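There are 2 protein chains.
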Amino acid sequence: METFSFEELFHLLDQNKLKELRAELMEMNVVDIAEFIDELEGKRIALVFRILPKDLSAGVFAYLDSDDQAKIVQSLTDAELGYLVEELYVDDAVDFLEEVPATVVKRVLANASPETRSAINTLLKFPPNSAGSVMTIEMVELHDRETVDQAIATIRSTGLDKETIYTCYVIDDERHLIGVVPLRQLILADPQTKVSELMQDDPIHVNTLEDQEVVADTAKKYDLLSVPVTDNEGRLVGIITIDDIVDIIEDENTEDFEKMALLQPSEHEYLDTGVFTLAKNRIVWLLILMVSATFTGKIIESFEGMLAAIAGLTACIPMLMDTGGNAGNQASTLIIRGLALGDITPKDYFKVLFKELRVSLLCGVTLAAANFLRMLIIGGSGGTPVFMVVCGAMLCAVVVAKCIGCTLPIVAKIVHLDPALMAGPMITTIVDAVTLAIYLSLAKAFLLK
Amino acid sequence: METFSFEELFHLLDQNKLKELRAELMEMNVVDIAEFIDELEGKRIALVFRILPKDLSAGVFAYLDSDDQAKIVQSLTDAELGYLVEELYVDDAVDFLEEVPATVVKRVLANASPETRSAINTLLKFPPNSAGSVMTIEMVELHDRETVDQAIATIRSTGLDKETIYTCYVIDDERHLIGVVPLRQLILADPQTKVSELMQDDPIHVNTLEDQEVVADTAKKYDLLSVPVTDNEGRLVGIITIDDIVDIIEDENTEDFEKMALLQPSEHEYLDTGVFTLAKNRIVWLLILMVSATFTGKIIESFEGMLAAIAGLTACIPMLMDTGGNAGNQASTLIIRGLALGDITPKDYFKVLFKELRVSLLCGVTLAAANFLRMLIIGGSGGTPVFMVVCGAMLCAVVVAKCIGCTLPIVAKIVHLDPALMAGPMITTIVDAVTLAIYLSLAKAFLLK
Numbered sequence: 110m111e112t113f114s115f116e117e118l119f120h121l122l123d124q125n126k127l128k129e130l131r132a133e134l135m136e137m138n139v140v141d142i143a144e145f146i147d148e149l150e151g152k153r154i155a156l157v158f159r160i161l162p163k164d165l166s167a168g169v170f171a172y173l174d175s176d177d178q179a180k181i182v183q184s185l186t187d188a189e190l191g192y193l194v195e196e197l198y199v200d201d202a203v204d205f206l207e208e209v210p211a212t213v214v215k216r217v218l219a220n221a222s223p224e225t226r227s228a229i230n231t232l233l234k235f236p237p238n239s240a241g242s243v244m245t246i247e248m249v250e251l252h253d254r255e256t257v258d259q260a261i262a263t264i265r266s267t268g269l270d271k272e273t274i275y276t277c278y279v280i281d282d283e284r285h286l287i288g289v290v291p292l293r294q295l296i297l298a299d300p301q302t303k304v305s306e307l308m309q310d311d312p313i314h315v316n317t318l319e320d321q322e323v324v325a326d327t328a329k330k331y332d333l334l335s336v337p338v339t340d341n342e343g344r345l346v347g348i349i350t351i352d353d354i355v356d357i358i359e360d361e362n363t364e365d366f367e368k369m370a371l372l373q374p375s376e377h378e379y380l381d382t383g384v385f386t387l388a389k390n391r392i393v394w395l396l397i398l399m400v401s402a403t404f405t406g407k408i409i410e411s412f413e414g415m416l417a418a419i420a421g422l423t424a425c426i427p428m429l430m431d432t433g434g435n436a437g438n439q440a441s442t443l444i445i446r447g448l449a450l451g452d453i454t455p456k457d458y459f460k461v462l463f464k465e466l467r468v469s470l471l472c473g474v475t476l477a478a479a480n481f482l483r484m485l486i487i488g489g490s491g492g493t494p495v496f497m498v499v500c501g502a503m504l505c506a507v508v509v510a511k512c513i514g515c516t517l518p519i520v521a522k523i524v525h526l527d528p529a530l531m532a533g534p535m536i537t538t539i540v541d542a543v544t545l546a547i548y549l550s551l552a553k554a555f556l557l558k
Numbered sequence: 110m111e112t113f114s115f116e117e118l119f120h121l122l123d124q125n126k127l128k129e130l131r132a133e134l135m136e137m138n139v140v141d142i143a144e145f146i147d148e149l150e151g152k153r154i155a156l157v158f159r160i161l162p163k164d165l166s167a168g169v170f171a172y173l174d175s176d177d178q179a180k181i182v183q184s185l186t187d188a189e190l191g192y193l194v195e196e197l198y199v200d201d202a203v204d205f206l207e208e209v210p211a212t213v214v215k216r217v218l219a220n221a222s223p224e225t226r227s228a229i230n231t232l233l234k235f236p237p238n239s240a241g242s243v244m245t246i247e248m249v250e251l252h253d254r255e256t257v258d259q260a261i262a263t264i265r266s267t268g269l270d271k272e273t274i275y276t277c278y279v280i281d282d283e284r285h286l287i288g289v290v291p292l293r294q295l296i297l298a299d300p301q302t303k304v305s306e307l308m309q310d311d312p313i314h315v316n317t318l319e320d321q322e323v324v325a326d327t328a329k330k331y332d333l334l335s336v337p338v339t340d341n342e343g344r345l346v347g348i349i350t351i352d353d354i355v356d357i358i359e360d361e362n363t364e365d366f367e368k369m370a371l372l373q374p375s376e377h378e379y380l381d382t383g384v385f386t387l388a389k390n391r392i393v394w395l396l397i398l399m400v401s402a403t404f405t406g407k408i409i410e411s412f413e414g415m416l417a418a419i420a421g422l423t424a425c426i427p428m429l430m431d432t433g434g435n436a437g438n439q440a441s442t443l444i445i446r447g448l449a450l451g452d453i454t455p456k457d458y459f460k461v462l463f464k465e466l467r468v469s470l471l472c473g474v475t476l477a478a479a480n481f482l483r484m485l486i487i488g489g490s491g492g493t494p495v496f497m498v499v500c501g502a503m504l505c506a507v508v509v510a511k512c513i514g515c516t517l518p519i520v521a522k523i524v525h526l527d528p529a530l531m532a533g534p535m536i537t538t539i540v541d542a543v544t545l546a547i548y549l550s551l552a553k554a555f556l557l558k
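Chains as they are written, first to last, in my numbering: chain A, 110 to 558; chain B, 110 to 558.
Since the hints were made in silico from the structure, they are not lab data.
A quick note: this is a predicted structure, and the numbers were derived from the prediction, not measured.
Heads up, the beta-carbon is just placed ideally off N, CA and C, and yes, glycines get one too.
Misleading hints may appear alongside valid ones.
Said to hold, decoys possible - Cβ-Cβ distance ranges computed for the label pairs, FRET-style:
id, chain 1, residue 1, chain 2, residue 2, range
1, A, 259, B, 267, 47 to 53 Å
2, B, 486, A, 554, 29 to 35 Å
3, A, 186, B, 462, 41 to 47 Å
4, B, 281, A, 299, 30 to 36 Å
5, A, 234, B, 282, 54 to 60 Å
6, B, 482, A, 186, 54 to 60 Å
7, B, 342, A, 454, 46 to 52 Å
8, A, 310, B, 309, 35 to 41 Å
9, A, 151, B, 344, 43 to 49 Å
10, B, 474, A, 160, 46 to 52 Å
11, A, 414, B, 482, 26 to 32 Å
Claimed, not checked - Looking from chain B toward chain A, a few residues come up when the C-beta cut is under 7 Å (computed):
id, residue
12, 122
13, 275
14, 398
15, 406
Here chain A stands alone, though its shape is the one from the complex (with noise of 0.2 Å):
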């Protein structure tokens, strides 16, 4: 990927020639050209957003920060609003509307045509992450009886408005959705053929009110370039084209990341949120985790005389519970994953956690072995039957470990959690608790005389 020096077009900004500018933002693409404004500053955005030829404008608009997107708007007049408006596509629209003041939004709507306008207030209703608040309305429809001639001559004339023209959408008389034809094969088909030879009866769609997350699988597993959107009647009502689904992959990928680490998910980015909201965020699981720690705390409360009087104990709790919580991460985040991806289905959990014990048999008697050497040529304030307890609380604290952390994703999966919940810092506490028992039992059993 070339990474773009902005330099000559700072540069040429300072020295205010704002014609020569003009003429090297037209030879860029318009992601470049937004990331160029979005480093700018004051009133020098929307200086640059002027500039741009008309054509480019809402190209460019679209990929701005909503921050930027503001400024630009108080700046411009009702008229050039409305162009901007009517040249944005609705979806681009719509996400940008979302992110604004209300009197921006007001101002908006009021400079748009009446079906541009009820076009938007229609997507801005549909429930946040939905497939009818990321869809657009904006695609090709094609009838049955039509021949392949007559369809391209309606994309030909309808086709500039349209966001994607490559995937057609066959509807009956009732808009109800019937087929759908690629691009590619009415171009390579006889021009004299009935579309609906051509079509692929009954497509894969989805549900205005579905999950965006269903519809990024659904567009990944049938390698789709689009996902028509039907009502409840099964009338086509919009489509999401892949660019936006390649984000809604992303979004969740973030939120598993941010779930993973117990955190709220956010809707802006790390740089963009404020000190309070993070804070927010982060604040309830960590006092959740911190008040379940009150059981550790009591497991070693009630073994603090052994603890006292035997020396060596103490110092090895740390590296048993960090071994044991990193253990289970493990395996709790490999069965997050392939839960997510649809690799495994809670129908495997027996499969998952057979070989979870095997693997982490291999891996307790691995670590405990190493541990053993270390020890023994560390040293340390117990002696060697200390090492063994040591050791056998490290083989049953990496099984119990990788069993726990294998067996709750799949649990929260069944029970309709979100398994990404039961990740990193969810399974260290509950694993903590279980290898101190287990350690400072087996202390107990063969070090207390």
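With chain A held as given, fit chain B onto it using these hints.
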């Protein structure tokens, strides 16, 4: 998304009603047919594959598990195998050949046409995960002197063999990539227009040796349906299509999840990976982290007398360690993800650190206060002085943990290590040692007479 039930298909197969089964399969999507075949065992795999109509078989084959692909290849005659190889897209053929035993590869190549064989061999030679290894060579090439009419004729005559015809690449007589035209523009343009007038110059492209992650980032950034691949002389050698890019995105995310749990990335799905490989992928980091825990052990050992003397001190160790680890893990996860998505770059470090300082003070004070309350209510073997030391240590631990958590991924990025390694387990191990040192030093300073 509709989930398929294969009950009826199994029923037909059990009754050996192959004609009816064939009719049912012909109504289905190739992806669903492949899913059905993947659920079969033994001889039935090849049996069902062989009743498929010829025009579906290559499509279905590309979506099968590699185990099933290998089984099917063994059952095919040389002529059938030759047909299959020619029908497969070259990148699908390469994906399959990379997974099967060398004997199968030999037989497949022996039955391919000389052109296909040479194309496959070329792709097989590129380093794993390079653009060259994932590209396909089936793309639409136009010349700049052609008119739209001629271009569409070229596409019509060669389009069937091309993996995508939606983005056409323009080359000069030395095959240098000089432009790009979306099919959309060709369809909408006047038939007599020259391709050179429509094409966008200097298209975005990647080198054959570029990492696939860069390919995915490029496609995401510019919303491309395919990314052209050029050699060192700028000649067009292949393209990477969006369906493969989506797979790359998911692979890269899986790799990040695995690295963040300190697992060696695995090339295969969990259920297809052997116990020894799974254990091997986990043991290295478990060993390293276990040995690193020697430090925490040494810290505790050096305070052993104090811990034995003051009741309640030891009991709080797990809670402090866990909370520190969790706090650090939250920060590092956000930063790692931000770095991966390009939202955060190393030059943002001081902004990030200042943000984390403020967030950690907010979280730390809240947690310390909550913990003080908790200790007052639940009690514990220590008294108020112990409680105060624990809460002071809690505040310090959270602040230090968040600062370490946001610093290490950025440092890793700067020294060209993978930031994903600086996640949960690694951060926990480091934060644990620091937390313990702070806690026990505070206790020594304020509680030891």
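Violations among the numbered hints
Violated hints (numbers, rising): 1, 12; every other hint is consistent with the structure.
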